[in-house]
Amino acid sequence: MAYDSHVATDLDHDGHDHKPQGWRRWVYATNHKDIGTMYLVFAGISFFIGGTMAMLIRLELFKPGMQFMDPLFFNSMTTMHALEMIFGAVMPAWTGLANWMIPMQVGAPDMALPRLNNFSFWILPFAFTLLLATLFVPGGGPAGGWTMYPPLMLQGGASFPMTIFAIHMMGISSILGAINVVVTIMNLRAPGMTLLRMPLFVWTWLITAYLLIAVMPVLAGAVTMLLTDHFFGTTFFTAAGGGDPVMFQHIFWFFGHPEVYILILPAFGVVSEIIPTFSRKPLFGYEAMVYATASIAFLSFIVWAHHMFTVGMPLAGQLFFMLSTMLIAIPTGVKVFNWTATMYKGSLSFEPPMLFALSFLFLFTIGGLSGLMLAIVPADYQYQDTYFVVAHFHYVLVPGAIFAIMGAVYYWLPKWTGNMYDQTLGKWHFWLSTIFVNVLFFPQHFLGLAGMPRRIPDYAVQFTDWNMVSSIGGFCFGLSQFLFPYIIWKCVRGGERIGNRAWEGAHGLEWELPSPPPFHSWTEPPSDALINRGAAH
Amino acid sequence: MALGVPTLTDQRRRGVRRTALLLGFIAAVFYVGFMAMMIWRGSR
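As given, the protein sequences belong to chains A and B, one line each in that order.
Numbering-wise, the first sequence is residues 10 to 546 according to our numbering.
Numbering-wise, the second sequence is residues 463 to 506 according to our numbering.
These are calculated hints, taken from the structure and not from any lab test.
This one's a predicted model, so the numbers in the text were calculated from it and none came from an experiment.
Ideal Cβ positions, reconstructed from N, Cα and C, are used throughout, including at glycine.
Worth double-checking, as some hints may not be accurate.
[As the list claims (entries may be wrong)] Derived Cβ-Cβ restraints for the label pairs, each shown as a range:
{"#": "1", "chain 1": "B", "residue 1": "Trp502", "chain 2": "A", "residue 2": "Ala249", "range": "17 to 23 Å"}
{"#": "2", "chain 1": "A", "residue 1": "Gly148", "chain 2": "B", "residue 2": "Val494", "range": "38 to 44 Å"}
{"#": "3", "chain 1": "B", "residue 1": "Asp472", "chain 2": "A", "residue 2": "Cys485", "range": "56 to 62 Å"}
{"#": "4", "chain 1": "B", "residue 1": "Arg475", "chain 2": "A", "residue 2": "Ser536", "range": "18 to 24 Å"}
{"#": "5", "chain 1": "A", "residue 1": "Ala297", "chain 2": "B", "residue 2": "Trp502", "range": "40 to 46 Å"}
{"#": "6", "chain 1": "B", "residue 1": "Phe487", "chain 2": "A", "residue 2": "Ala459", "range": "48 to 54 Å"}
{"#": "7", "chain 1": "B", "residue 1": "Leu484", "chain 2": "A", "residue 2": "Pro29", "range": "30 to 36 Å"}
Using the sequences and the hints, build the whole thing.
Next up, the structure:
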């Protein structure tokens, strides 16, 4: 027996549902579902703020010449868009999903460290308020790109220390959240829930959490060195004082490449949950998926300099980073083929979560393949800092990470609310998103190959046509995203009631709980029979 | 203590504390250590 069945107060006789009411429920929240909800709402708000910035970028790039904004504001839009989307939308969305699902999936009553969980979340609104406030200080927001390369970043105005402090807060929030995830998985699994019985979402998050603990301090170190260079007379990155601006790029990308996998590994976990459910088959090669995830995480630490081939490095260095980068294609290929093999001869159905997972499978693979192209050193000399790179990472992050988040929400929303959402609208959301994400980003490959540089507010006239197409795709994609909160809001308000198992083919402990689940998930550890039924990988 | 929270056995509670402290220690060493190392290296 893992948990005592008695509780700390005498209020549990009617099912632990005495939750605090009103604003106290959220400000003092220690419940994993409440905190998960707050993370998801926060991520949604950031998604629309970052999306608005993207719309402004596409508006300015609709045609050549300066239309609506000055170049400095344009550059601060590209910088802030990236910071909002990476640290404000995708990472908090994954943490929200982890909060909601991990205790339910491993048979725990809650996250292991509930108060730390509250603290991790409540740092974020302050961090992003500070970051957004930079838009209103003299000199405007940070405009050196999210990579914050010196010496450009060192020339920032009042926004510079604010941005760095905001990044420190985001990093601390992520580290604390990651510690909570690891402790929950390592210590609160139900008896019988062995590591190799855990759902893939839990596995991918466990590995992601280790990545976070390893690399967030590196980012903190890098930005602190920028800070001391700016204010305290050090010359880490200033050549005049014996420093080296390229060293910043090494340190930044030692954080930055694992960060890419922090954004995408939980997506692999979600897709590994959705595809078996809607194929009505166990996941093909469960253990291979776990080892592939771990391999990708390991490789992510030894590929960082592929982001900076053109700074000039020894041939041996170029070859090492080119080949180590190409190695990532192997475990990633294992995953893609295993998802495909899971569907082979399956009894497929195409509800919204499956549609998003399939779109992920095709479009993330396009992003992965253009990544392989970029890994080739001589080719990268041509592609570096062009729109080809922009197309590549947006394919990985939008129909990759963000579609997986949307798929996850469509998959688990009935479990969270007890109501089925409007699937027709969900399919509309899917088709509009999938069509327009391609209209938005595919032409950017052509622009990049033709030589259009990234991070510029104006461009040569030969790039006009594809920029117009891309902008139209962007506006339509942006507008179609309003369906998403509407569908969720409608589902929360009501809908067709569902039982424990929202989807016919779903397996896993979360589907053994009522929908919506009780305030504390597994007050009694699940039986071996339940775990066995759930772990039918 | 939040209302109605189920309690853990002492053994689990110790495990949670041990893992959390270990990870917290590692993260703190990374966080402070990395900055300290760089500043030390940069000031030589």
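Each hint tested on the structure:
Taking 17 to 23 Å as the suggested C-beta distance range, the pair tryptophan 502 of chain B and alanine 249 of chain A conforms, at roughly 21 Å. Range check, glycine 148 of chain A to valine 494 of chain B: about 31 Å between beta-carbon atoms, so the 38 to 44 Å window is missed. Look at aspartate 472 of chain B against cysteine 485 of chain A: about 58 Å separates their beta carbons, and that is inside 56 to 62 Å. Against the hinted window of 18 to 24 Å, the Cβ-Cβ separation of arginine 475 of chain B and serine 536 of chain A comes to about 23 Å, which satisfies the hint.
The hinted range of 40 to 46 Å is satisfied by alanine 297 of chain A and tryptophan 502 of chain B, whose Cβ atoms lie roughly 44 Å apart. A hinted range of 48 to 54 Å holds for the C-beta pair phenylalanine 487 of chain B and alanine 459 of chain A, which are about 52 Å apart. Evaluation of the 30 to 36 Å hint for leucine 484 of chain B and proline 29 of chain A yields a pass: the beta carbon distance comes to about 32 Å.
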